[in-house]
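Chemist: Sequence:
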Amino acid sequence: MVEEVSVDRGSGGTDSEAESVEEWLLQAQKLVPVALEKALEVKVFPGRWKMIVSKLEQLPSRLSDLSSHPCFSKNVLCKEQLQAVLNSLKETVELAKLCVREKFEGKLRMQSDLDSLSGKLDLNLRDCGLLIKTGVLGEATLPLPLSGCSSQWESTDFGNIRELLARLQIGHMEAKHRALDSLVEIIKEDDDNVLSVFGRNNVAALVQLLTATSPCIREKTINLICLLAESGSCENWLVSEGVLPPLIRLVESGSAVAKEKAVISLQRLSMSADTARAIVGHGGVRPLIELCKTGDSVSQAAAACTLKNISAVPEVRQTLAEEGIIRVMISLVDCGILLGSKEYAAECLQNLTACNESLRRSVISEGGLRCILAYLDGPLPQESAVGALRNLVSSVSMELLLSLGFLPRLVHVLKSGSVGAQQAAASAICRVCSTPEMKKLIGEAECIPLLIKLLESKSNSVREVAAQAISSLVTLSQNCREVKRDEKSVPNLVQLLDPIPQNTAKKYAVACLVSLSSSRKCKKLMISYGAIGYLKKLSEMDTPGSKKLLEKLERGKLRSLFSRK
1 MVEEVSVDRG
11 SGGTDSEAES
21 VEEWLLQAQK
31 LVPVALEKAL
41 EVKVFPGRWK
51 MIVSKLEQLP
61 SRLSDLSSHP
71 CFSKNVLCKE
81 QLQAVLNSLK
91 ETVELAKLCV
101 REKFEGKLRM
111 QSDLDSLSGK
121 LDLNLRDCGL
131 LIKTGVLGEA
141 TLPLPLSGCS
151 SQWESTDFGN
161 IRELLARLQI
171 GHMEAKHRAL
181 DSLVEIIKED
191 DDNVLSVFGR
201 NNVAALVQLL
211 TATSPCIREK
221 TINLICLLAE
231 SGSCENWLVS
241 EGVLPPLIRL
251 VESGSAVAKE
261 KAVISLQRLS
271 MSADTARAIV
281 GHGGVRPLIE
291 LCKTGDSVSQ
301 AAAACTLKNI
311 SAVPEVRQTL
321 AEEGIIRVMI
331 SLVDCGILLG
341 SKEYAAECLQ
351 NLTACNESLR
361 RSVISEGGLR
371 CILAYLDGPL
381 PQESAVGALR
391 NLVSSVSMEL
401 LLSLGFLPRL
411 VHVLKSGSVG
421 AQQAAASAIC
431 RVCSTPEMKK
441 LIGEAECIPL
451 LIKLLESKSN
461 SVREVAAQAI
471 SSLVTLSQNC
481 REVKRDEKSV
491 PNLVQLLDPI
501 PQNTAKKYAV
511 ACLVSLSSSR
521 KCKKLMISYG
531 AIGYLKKLSE
541 MDTPGSKKLL
551 EKLERGKLRS
561 LFSRK
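Quick note on numbering: full-length UniProt numbering labels position 136 of the sequence shown as 136, and the sequence is numbered without any gaps.
Derived from the structure by calculation, the hints contain no laboratory data.
Any given hint could turn out to be false.
[Said to hold, decoys possible] Straight-line alpha carbon distances no greater than 27 Å define the calculated BS3-like cross-link-like pairs of lysine-lysine that follow: (1) LYS133 / LYS38; (2) LYS458 / LYS488; (3) LYS521 / LYS548; (4) LYS548 / LYS524; (5) LYS90 / LYS30; (6) LYS43 / LYS107; (7) LYS484 / LYS415; (8) LYS79 / LYS30; (9) LYS55 / LYS103; (10) LYS97 / LYS38; (11) LYS103 / LYS79; (12) LYS90 / LYS107; (13) LYS440 / LYS484; (14) LYS458 / LYS484; (15) LYS458 / LYS536; (16) LYS50 / LYS90; (17) LYS488 / LYS524; (18) LYS488 / LYS536; (19) LYS507 / LYS548; (20) LYS439 / LYS415; (21) LYS524 / LYS536; (22) LYS38 / LYS107; (23) LYS439 / LYS453; (24) LYS440 / LYS507; (25) LYS507 / LYS488; (26) LYS537 / LYS439; (27) LYS38 / LYS50; (28) LYS107 / LYS30; (29) LYS103 / LYS74; (30) LYS107 / LYS74; (31) LYS103 / LYS90; (32) LYS439 / LYS548; (33) LYS507 / LYS521; (34) LYS97 / LYS133; (35) LYS97 / LYS43.
Nothing here was measured: the structure is a model prediction, and the numbers come from that model.
Given these sequences and hints, build the entire structure.
Modeler: Put into structure tokens, the structure is as follows:
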């Protein structure tokens, strides 16, 4: 945990403020031997005083290193650090006098005071080292030009953003508290300038503050970390500096505000597959699942999205299932607070069922199929739910699908769904029409005209799966007649004979046209729309069925010529 040590800044008043940094250094250097001498005279609490003495002995070298830094006299941080050191030394002398005379108010009280002093000296030594080694002192001295600065920013006590960021790494909690307050306010008005100067040391300091014992500090820190995560500029630093465990703890047991910001941060960070795996490894799945059950609307949606991101990593899906994710995602699809929560849950189920038959059966046994079908009744069905449905249809009987209203939902998606949803619906048709009975029912449900319309889609993948579905359906004679009757079928299919590599629908288009070529009218249409030119190129490419169809069309063309003569 971060040690929260308060340092009395003294009451030097105007005279104290007027003293130069060199004068503060001189006072500290003079007081170190005095404090050491007094500490060595003490006979009581030997263990505690031995520790204090060892820390006092390190101070001269730290002060010397600090004073030799090129920016020593130019930065207020040095002066404040020397004031803190001087206060610690004065306190050492006072406590040593009391212990030598053994005139103190109870042993426990004095032990507590000595422990507090030891902590202050630790902080003094650490901060002096940080000022020198990490480049904080130089960074904080550099001016940072800001465009459009607010009057509030101009009047701040800290001077510039770099100094505020430096204060996240050094000093006592009061100073860090004030720095966080100022950074949060400035970011609200000028987030680009602040985020652009964040370095790895600043990120590390923020991550450390996530473990502060003060809930207020944690909340202010998580606000900043959330902004960093959402900006996308420091994701790798955040993860490498160990942000995941404290974020997960905040999701588990933080305040409502902290939980929300922590889970939004995880949502962004989990977009990386490596980070998603790490969240699982740090035990983040169960707290996220609990938040899906109990969180408010924003937290629930962010938790569902994070789990959706994690479920995109195949090797962790079984772990997710073992933590109980399936039932929770089905529940969210059914009654999530926000539409976003429902969509993320549906996409999570789509990921889980992508290539694992065991997980598919788990989703079905938990009532997932019925829930997804009911969700598709909405006005604009989206890809995720239809994708999950597509993954499940091969794992249930035709009778069950029909009894749950599969076909009416399929037609609704093909009519009103998003492009991605329509593609998934066409893919679902490809998976279920393995029997003549099912092909007949799909044809009678009036899916064929909707699939023919999809052949005009701007998306190559949509055209491909629509052509594939039609090629399967036309093997049934009544469906073939339905396709022949549609005036757009032949023109759309001929367009899909284009031999360019990007056109992946051509083999299915050939299969469809072969089935339609028994009709003289369809053959004439194929020829008039330029099918022969395409088929010659496809024959050279050995596209299945292209030579057979080309021969049919060329024979028909010859007959037509002879009949005219």
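Chemist: All hints, please: hold or fail.
Modeler: Going down the list of hints, with the structure as the test:
no., hint, in the structure
1, LYS133 / LYS38, "violated (31 Å)"
2, LYS458 / LYS488, "holds (16 Å)"
3, LYS521 / LYS548, "holds (18 Å)"
4, LYS548 / LYS524, "holds (16 Å)"
5, LYS90 / LYS30, "holds (11 Å)"
6, LYS43 / LYS107, "holds (14 Å)"
7, LYS484 / LYS415, "holds (21 Å)"
8, LYS79 / LYS30, "holds (16 Å)"
9, LYS55 / LYS103, "holds (24 Å)"
10, LYS97 / LYS38, "holds (7 Å)"
11, LYS103 / LYS79, "violated (34 Å)"
12, LYS90 / LYS107, "holds (21 Å)"
13, LYS440 / LYS484, "holds (16 Å)"
14, LYS458 / LYS484, "holds (23 Å)"
15, LYS458 / LYS536, "holds (25 Å)"
16, LYS50 / LYS90, "holds (18 Å)"
17, LYS488 / LYS524, "holds (14 Å)"
18, LYS488 / LYS536, "holds (23 Å)"
19, LYS507 / LYS548, "holds (13 Å)"
20, LYS439 / LYS415, "holds (19 Å)"
21, LYS524 / LYS536, "holds (17 Å)"
22, LYS38 / LYS107, "holds (19 Å)"
23, LYS439 / LYS453, "holds (18 Å)"
24, LYS440 / LYS507, "holds (23 Å)"
25, LYS507 / LYS488, "holds (19 Å)"
26, LYS537 / LYS439, "violated (32 Å)"
27, LYS38 / LYS50, "holds (12 Å)"
28, LYS107 / LYS30, "violated (30 Å)"
29, LYS103 / LYS74, "violated (43 Å)"
30, LYS107 / LYS74, "violated (44 Å)"
31, LYS103 / LYS90, "holds (18 Å)"
32, LYS439 / LYS548, "holds (25 Å)"
33, LYS507 / LYS521, "holds (22 Å)"
34, LYS97 / LYS133, "violated (35 Å)"
35, LYS97 / LYS43, "holds (11 Å)"
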